[in-house]
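All chains, please: the whole structure from these sequences, using the hints.
2 protein chains.
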Amino acid sequence: MDENNEKYQQMLSTSLELFAKFGYKKTTVEDVATSINMTKGNLYFYVKNKKDLYEKTIDFALNQWKDFVNDAVNKEKDVVSKFRILAQKSIEYIENNRTVQTILINDPSIFTLSSTEDRFYNTNVSAMNIIKKILEQGIEEKMFFPVDVEHITEYLFSVYIMFLIKSYVKSDNSSLKKMFSEGLELTIRGLLLK
Amino acid sequence: MDENNEKYQQMLSTSLELFAKFGYKKTTVEDVATSINMTKGNLYFYVKNKKDLYEKTIDFALNQWKDFVNDAVNKEKDVVSKFRILAQKSIEYIENNRTVQTILINDPSIFTLSSTEDRFYNTNVSAMNIIKKILEQGIEEKMFFPVDVEHITEYLFSVYIMFLIKSYVKSDNSSLKKMFSEGLELTIRGLLLK
DNA sequence: CCATTGAACAAATCATTTAAATGTTCAGGA
DNA sequence: TCCTGAACATTTAAATGATTTGTTCAATGG
Numbered sequence: 006m007d008e009n010n011e012k013y014q015q016m017l018s019t020s021l022e023l024f025a026k027f028g029y030k031k032t033t034v035e036d037v038a039t040s041i042n043m044t045k046g047n048l049y050f051y052v053k054n055k056k057d058l059y060e061k062t063i064d065f066a067l068n069q070w071k072d073f074v075n076d077a078v079n080k081e082k083d084v085v086s087k088f089r090i091l092a093q094k095s096i097e098y099i100e101n102n103r104t105v106q107t108i109l110i111n112d113p114s115i116f117t118l119s120s121t122e123d124r125f126y127n128t129n130v131s132a133m134n135i136i137k138k139i140l141e142q143g144i145e146e147k148m149f150f151p152v153d154v155e156h157i158t159e160y161l162f163s164v165y166i167m168f169l170i171k172s173y174v175k176s177d178n179s180s181l182k183k184m185f186s187e188g189l190e191l192t193i194r195g196l197l198l199k
Numbered sequence: 006m007d008e009n010n011e012k013y014q015q016m017l018s019t020s021l022e023l024f025a026k027f028g029y030k031k032t033t034v035e036d037v038a039t040s041i042n043m044t045k046g047n048l049y050f051y052v053k054n055k056k057d058l059y060e061k062t063i064d065f066a067l068n069q070w071k072d073f074v075n076d077a078v079n080k081e082k083d084v085v086s087k088f089r090i091l092a093q094k095s096i097e098y099i100e101n102n103r104t105v106q107t108i109l110i111n112d113p114s115i116f117t118l119s120s121t122e123d124r125f126y127n128t129n130v131s132a133m134n135i136i137k138k139i140l141e142q143g144i145e146e147k148m149f150f151p152v153d154v155e156h157i158t159e160y161l162f163s164v165y166i167m168f169l170i171k172s173y174v175k176s177d178n179s180s181l182k183k184m185f186s187e188g189l190e191l192t193i194r195g196l197l198l199k
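Protein chains in written order, with my numbering: chain A, 6 to 199; chain B, 6 to 199.
There are no misleading hints in this set.
Which copy? The list can't say, so a pair holds if one copy fits it or any two copies do.
Only pairs whose alpha carbons sit at most 27 Å apart, straight line, appear in this in silico DSS-like list of lysine-lysine:
hint: 1; residue 1: 182; residue 2: 137
hint: 2; residue 1: 45; residue 2: 26
hint: 3; residue 1: 147; residue 2: 183
hint: 4; residue 1: 147; residue 2: 94
hint: 5; residue 1: 182; residue 2: 138
hint: 6; residue 1: 137; residue 2: 183
hint: 7; residue 1: 12; residue 2: 26
hint: 8; residue 1: 80; residue 2: 147
hint: 9; residue 1: 147; residue 2: 82
hint: 10; residue 1: 53; residue 2: 31
hint: 11; residue 1: 12; residue 2: 53
These aren't lab readings, by the way, just hints derived from the structure by calculation.
So, in structure tokens, the structure goes:
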């Protein structure tokens, strides 16, 4: 089966909306199938089971997010700008995407803060690679302190996940934006040489 | 009722062990009462209900933790040493306390990353005050960059909670210590002037 | 008055059953 | 390769009653 199959993409896109609207339990495989004029039997040609459908759907959503950020970062040249754009666009995407917000609220375990039980490991690894490449560029260009790239990447990604949890999983927004920007400046000062 | 009442302290100490051993549901108020030669009716002289008993118990545990860290910090004079000791002792305490570890694993929501629904708000505020006082001293002594104290305090506390979640709520220990120390150095560089 | 008892009562939990809904498989066909 | 539809397997929901557990409170003694 071709991963770029149109029907397959349509299925993921539709099931994303349904899972967001009704949650995992209330969304039936029949709901998803009929929404795209498919029988539920046929849906099993594309996925192993309901859980697999769900995970492929979330993975699809996370990849869209990652691509959006990656494209924006690649438009910048200066390494500090890249870092700022990375932070800004990551937040901007979710702020403007009610569907993904709802998904995160319904299923906080998507961002589990634990890589060993991470169902979206591959996608998160490629998201972390965006950070990693910026750090490497910064160190290469003598702009950044020569940090331990692997561990600081993991650290920054975890801090980012923490913000997402505080913002969307819990709806704690009191002065969170200020905390985010102050934390960002602290981090940039910690990264910069001199 | 006196909060420093010996029977009351004994009750909290005993129920901490029982809640750690059996979890909230499997621990009955009668278990707690009989463990300290009390009838369950009498226990209601000290607490409103089972939930109240649980929260007073956790609060008791968190305060012991906080006091341990605070005492260690107050032995230092240099502001950077204070900051390092704060980080070190916070982790050391939980590393050596199997009981509190188990409590955290059984009830991840104790560290909720959300201050609005925080059942232990007062205790966490006084924990944050330890950070806040160090930041203020550092800025006063011209050692630290003049950061926004309120928001950076909240930021650092959240990062700390994130580490606790990664360490104890989830059992993800692969290179976590390295990540912690690298993140700590990054933060200290971000705090220091010059 | 403070701390305690024990019995009565209210509420939650558990085990079990049964019906309905939903998830999954698969032989066969376009 | 992609799809159908019916058969089958599994999960969920609701209902019931028994049992445990949580909570209240009048009475009691230090």
